[in-house]
Structures are given as C-alpha cells and as structure tokens.
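Protein chains: 2
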Amino acid sequence: MARAARELRIIGLQTLPEVRQGDDLASLILEAAQREETGILSGDVVVVTQKVLSKAEGRIVDLAEVAPSPFALEIATRMEKDPRLVEVVFRESRRVVRMDQRLLVMETHHGYVCANAGVDHSNIPGDDMVSLLPLDPDGSAERIRRAFQERTGAETAVIISDTFGRPWREGTTEVAIGVAGMAPVESYIGLTDTAGHLLRTTAIAVADELASAAGLVMEKVSRVPVAIVRGFPFTPGAAGARSMVRPAERDLFR
Amino acid sequence: MARAARELRIIGLQTLPEVRQGDDLASLILEAAQREETGILSGDVVVVTQKVLSKAEGRIVDLAEVAPSPFALEIATRMEKDPRLVEVVFRESRRVVRMDQRLLVMETHHGYVCANAGVDHSNIPGDDMVSLLPLDPDGSAERIRRAFQERTGAETAVIISDTFGRPWREGTTEVAIGVAGMAPVESYIGLTDTAGHLLRTTAIAVADELASAAGLVMEKVSRVPVAIVRGFPFTPGAAGARSMVRPAERDLFR
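So the sequence lines, in the order shown, correspond to chains L and D.
Going left to right, the first sequence walks through residues 1 to 254 as my numbering numbers them.
Going left to right, the second sequence walks through residues 1 to 254 as my numbering numbers them.
One or more of the hints may lead you astray.
As the list makes no split between identical chains, a pair holds if one copy fits it or if it spans any two.
[Said to hold, decoys possible] Restricting the straight-line Cα-Cα distance to at most 20 Å, the calculated cross-link-like pairs of lysine to any residue (SDA-like) are:
#1 81 to 242
#2 81 to 250
#3 81 to 139
#4 81 to 202
#5 81 to 252
#6 81 to 30
#7 81 to 102
#8 81 to 223
#9 81 to 100
#10 81 to 230
#11 81 to 254
Keep in mind the hints are simulated off the structure, nothing from the lab.
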C-alpha cells in the first residue's frame, strides 16, 4: 500500500498541438512537457483524456457513412436523436443499462457503463464526426508508459480518463478507463485505523481520484488534454482499469 | 465560469489533533495550517472529511444505547449484521435504494445515496461507537468558511467530503456532501468547444473532483482529515452540495 503524500502538484500541459490520426502521442506529450519546463519524471502519473487518444488512434467516425439499422431508426425517432448516432452507440455496446428520458446508458464492450457508450461529438472538427472510446485503453496506456520509460528512463503511471455521469448526482467527473504502471485500486483490507479497528472492506479507487484531480486543470472548452499528477506515491501494478469493472454477480445496479 | 489553472497544489494537513465533541474545528484547522507554514489563503478550497466534522458536532452514537425495531432485527438477522447498527442506518434514512448481498444502499435525509446511510465504524474510538453524517453538512461548511473569513480575511471555499461507492465500479472515491463559498457544479452550457460546437449539456461536478483530489493526500489509516487545494479558480456560489442531488424525476436509477 502506498503512503499518503503531504503535497501533490497537478500540472496541466498547455501546449500540446492539435492531435491527428497516426500521431505519436507519447512524443507530443514529452515535447510539450519539455517545452513547458515540467518534464516527465519518475513517480509522475500522466493523465491523458480519451478524446486526444481516440484522435491519435483514428477512433473517429463520419456519421455520413453510417447506415442505421431499423432498430436504431425506431429508437432514434422515439428519442428524437440522430439515427446514425444511435447506430454507432449500439455498435459500441454490449448491453443497454437504461434507455429513457432521451438518455442511452450503455455498457461498452470493455464493460464500462456510461452515456452513449462514450460516443461523443465535442472537440471533434466536422459537424458529422464523432469520437469512439479507444478499443483497448489499458493497452494504449501501457504503450504510452513504455514510450516514456524508453525515451527518458522515467518510471511513470499512465491513466486514460473520460468524463462519466453518475446515478443520483448532478454533473460529471473524470474517471479512469485505462491504467498502466499502477494499481487502480488501493486496498486497506487487513490494516487498522487510528482507533485500532480492522478495516475490512475499504478499497479506494485511486485511479478515479487521480483522473478527477487531473480534470480540475482540464477545461472542456480549451486544449488541456493532458495533466501530470506529481507526488502521488502509487503502488506499481498491471491490473488495468478493466479490473475496476464490478463483476455482474456483485453489482446491485445492473 | 472559472478559468482552468495551469497548476494546482493539494496539501494534506498532518498535525490536526484528535477532534472531540464541541471542538472549534475551524480554529484547529487554522492552527494546524499555521503550524505547518501553509496557512489558509484567499482562493483556497479547504476539504474537511465528514468523520472529523461528525466528531466535533457530536454525531456519534453508542450502539449499546440503541434498541432495534422488529424490522431492523428481521433485516439484520437475514443479512448477518448487528441489529443495532441496522436500526441506526434506518433512522438516518428516508428510503431504501437497494437491500441485497449484505449491502444497505440508502437515501439519507439529505438525499444522498450511499452504503449504510453514511453510518460508519472506522476511526471512532470504542467498539460500539459509530459516526453519523452531519445533520446539515452545507451549513457546517458555511460556518467553517465564515470562521476562516472572520479570523484571517481569507475568502475560501469549504467542502465536507465523504467516501462513497459507485454502481458498476470497484472501490470508493471521496465526494462532496457539504459545500460553501463555491458553485459545486460548473456549467459549460452555451459555450463552444475547440471545434466550434455548442456545448449543450456539459456540467462538471467540480466539488466532487475537488473532494477526490483531496482524498489522494488523506489516508484511511492515518490522521489526515483536512486538505487544502490551492490554485483552483472556483466560481463563488451558495447553492450547497444538496444542489448536486439529482431530482427524482430526472433520475434513471431510483
């Protein structure tokens, strides 16, 4: 288990260029970090938004080329949505969690539960263009982590973040959909608290807390798609963000 | 709408003494911040855990003095729980959201949905002692904020945080259950993104992201119940954390 830091810094990178398909994202991040005299150091957690990763990986779809199925047409008409968008949402999903009030809450092929299966229109040039979630965000995080290691020697953790809503609460927060180099959940099971009680069930989703912390320096309307959390003593690990998906048999909110 | 900061600092206070009923929490925080040469400055967001606030406000119950109702006894037997604990959980609740797999997911009188209605055993001295959520976390946050303002002149925001689970994902994160001095949700409605698209529905739960960021320097097993987030350009506001409770008519997960 990692020790708590007295102080963390969260640094938003301001000078990343517009990312295009095929770009080497790790290099662009390293160049921006050097340009901004921050660098990427051992112990850093580098948080990268899904949107910029999806752009680099070409996970962009032109709705003009999508033919909606009869079911997508039916749902879209009833929900007053673009049937081509609904078709893409269905293709990215393995299960409908809720379909009501103009909202499609879907379970993605990775197992993540979110609105529209992560299909999103914002910050994508072109009126008919939407972005999809990366195919394998854990694998993408690991590739970026290894690139940092190979090019600078820095032992980092990398998180791919996305903006999810939550039941019962207003507003969205950033969560981790890809994790490399660190344990996404810190377990306190078996440790005792300050009163000497055994902590039996406490597990903290530190990867989600790191994504949310990074979210504080990322603005939806500006180009801050990468942030560095410096000073968090993460526990090395390779479980990936997919290990944060609660198994169906222990999920009360399927 | 607030501007994004290039850099934030998150500072965990290490020297807060053990808090007891009737203690002036604002004074203890100010003294610790001065002792640690951090201070409380204008623009700071001060995040205080529910546990330490509940102690100061005497929101502690001795289970030895609780007589469980027949229904609490029935449920406790079936779920293999302490019937006195179940009784306290029921008293703190206005609705059962899920009751399954040894979990009681409740809606509190404030409207928050969480396990055991926030009734918690950890970090409380005495085997039969449990803590309850504060009666009015927004009001408590406002009292602390005003005390900082009166004693130092600093214009701060104050967040009361608690550790909540989430559907579909493993692990807990810190969320805001009390907020004073700032807008808990930042709305981007009507603004345009980098691609020139109107952002129609984006609202970010910055108070929850701030609570999660503070959680990174707070350890369950040690005494770091207060953290300062320095450098976040919050939007002044008085809506309180209760404004983050999604109204029933727009909630797909009642």
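Quick rundown of the hints versus the structure:
no., hint, result
1, 81 to 242, "neither (30 Å within a copy, 31 Å between copies)"
2, 81 to 250, "between (33 Å within a copy, 18 Å between copies)"
3, 81 to 139, "neither (33 Å within a copy, 41 Å between copies)"
4, 81 to 202, "between (41 Å within a copy, 17 Å between copies)"
5, 81 to 252, "between (30 Å within a copy, 18 Å between copies)"
6, 81 to 30, "neither (40 Å within a copy, 52 Å between copies)"
7, 81 to 102, "within (8 Å within a copy, 40 Å between copies)"
8, 81 to 223, "neither (28 Å within a copy, 50 Å between copies)"
9, 81 to 100, "within (12 Å within a copy, 36 Å between copies)"
10, 81 to 230, "neither (42 Å within a copy, 42 Å between copies)"
11, 81 to 254, "neither (25 Å within a copy, 24 Å between copies)"
The structure does not agree with the numbered hints 1, 3, 6, 8, 10 and 11 stated previously, though it agrees with the rest.
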